[in-house]
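Novice: Work out the full structure: start from the sequences and follow the hints.
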Amino acid sequence: MAIDWGQVEKDAEAAVAGVLANDWQTVKTAASAQLTALIQVAQSIEQQAQAKSITQAEYESLKLGQQRALSGILHSYAAIGIVIAEQAAAAAWDVVAQALRTAYKLPFLF
Amino acid sequence: MTRVYSIARVACLMAMLTAAGVAGCAAPAYDETTDKSISTLQNDIDSELISLASLGERIERLRNRDDAASKKALADALSKASFDANSASYDKIDLDLTTVRLRIDAEPNASTENLDAALGSLRDNLFGEKSLRDTHSQEDVLHSAYVETEKQTLDQQLQALLAYEIVLKKGASSSKSAADGSQ
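Residue numbers (this note's numbering), protein chains in the order written: chain R, 27 to 136; chain G, 2 to 184.
Hints are computed from structural coordinates only; laboratory data are not their basis.
Beta carbons are placed, not taken as given, at the ideal position from N, Cα and C, and that holds for glycine.
Please note that a few of the clues may not be correct.
Claimed, not checked - Computed beta-carbon distance windows for the label pairs:
1) R/Ala77 to G/Phe84: 21 to 27 Å
2) G/Thr113 to R/Tyr130: 39 to 45 Å
3) R/Gly44 to G/Asp68: 53 to 59 Å
4) G/Arg66 to R/Ala40: 46 to 52 Å
5) R/Gln124 to G/Asp92: 35 to 41 Å
6) G/Asp117 to R/Gln33: 36 to 42 Å
7) G/Asn65 to R/Lys131: 23 to 29 Å
8) R/Ala47 to G/Arg66: 52 to 58 Å
9) G/Thr34 to R/Ala105: 29 to 35 Å
10) G/Glu114 to R/Lys131: 41 to 47 Å
11) G/Ala86 to R/Asn48: 48 to 54 Å
Specialist: Next up, the structure:
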């Protein structure tokens, strides 16, 4: 089943906005650009999943790398603490993982 | 891809500069040594990742061949792609990163905290839990697609640092031009 990445990006943005609440408007520009980059990495993971050329360790590394990059950008704003930034990044990836989980039966996504 | 990362890095840069402005401190000064140190770091990371991706592609291609020459080439590529064969490169990158961090921390200014956070995040992705090195150590040989995707993330983080230095450099050039013009 093909993944609608445009919808996934919107859902991920909504998830981040939900965690950040009023601070979302402050970081929207930077966070949206980073979310687009995160979705591109997720699409690359999808291609690797189709080719069966990704291991659990590699997936976990890519996932955590993107979460760190997103939380780093969010935390660079004074109003957002590291815990909230990490929660927001995790919420974004949960949306991505759900999409991959639905489309591909990679054992480590469950 | 590049355009999106450019937007992201400029947005990150704006956050760094805004933080410096809000703090009400003097604008950070351009430091050529820091600039060169970041470039060295980027070159070493890129060289390592390009090499690993190339070896990964060669391994994936050779795995399907049965002739003796291909088997020998595969063994050679597997050896070069192994974690042990690359541990010295990781040590060099670690040293590069420490050099940049020390240089930035030696002359603290309003942006140091944000730069340290950016470097910390980069270090986590290179050497922390489930990082590039951690994954390489665990898997011994990495898939080329993984390396290329990991490179996207690391480049994005490095470009934010380089963009910051470019802005400082332009500011330094403008100040010098203004000073020369007033003489």
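Novice: Going back to the hint list, which numbers does this structure go against?
Specialist: none
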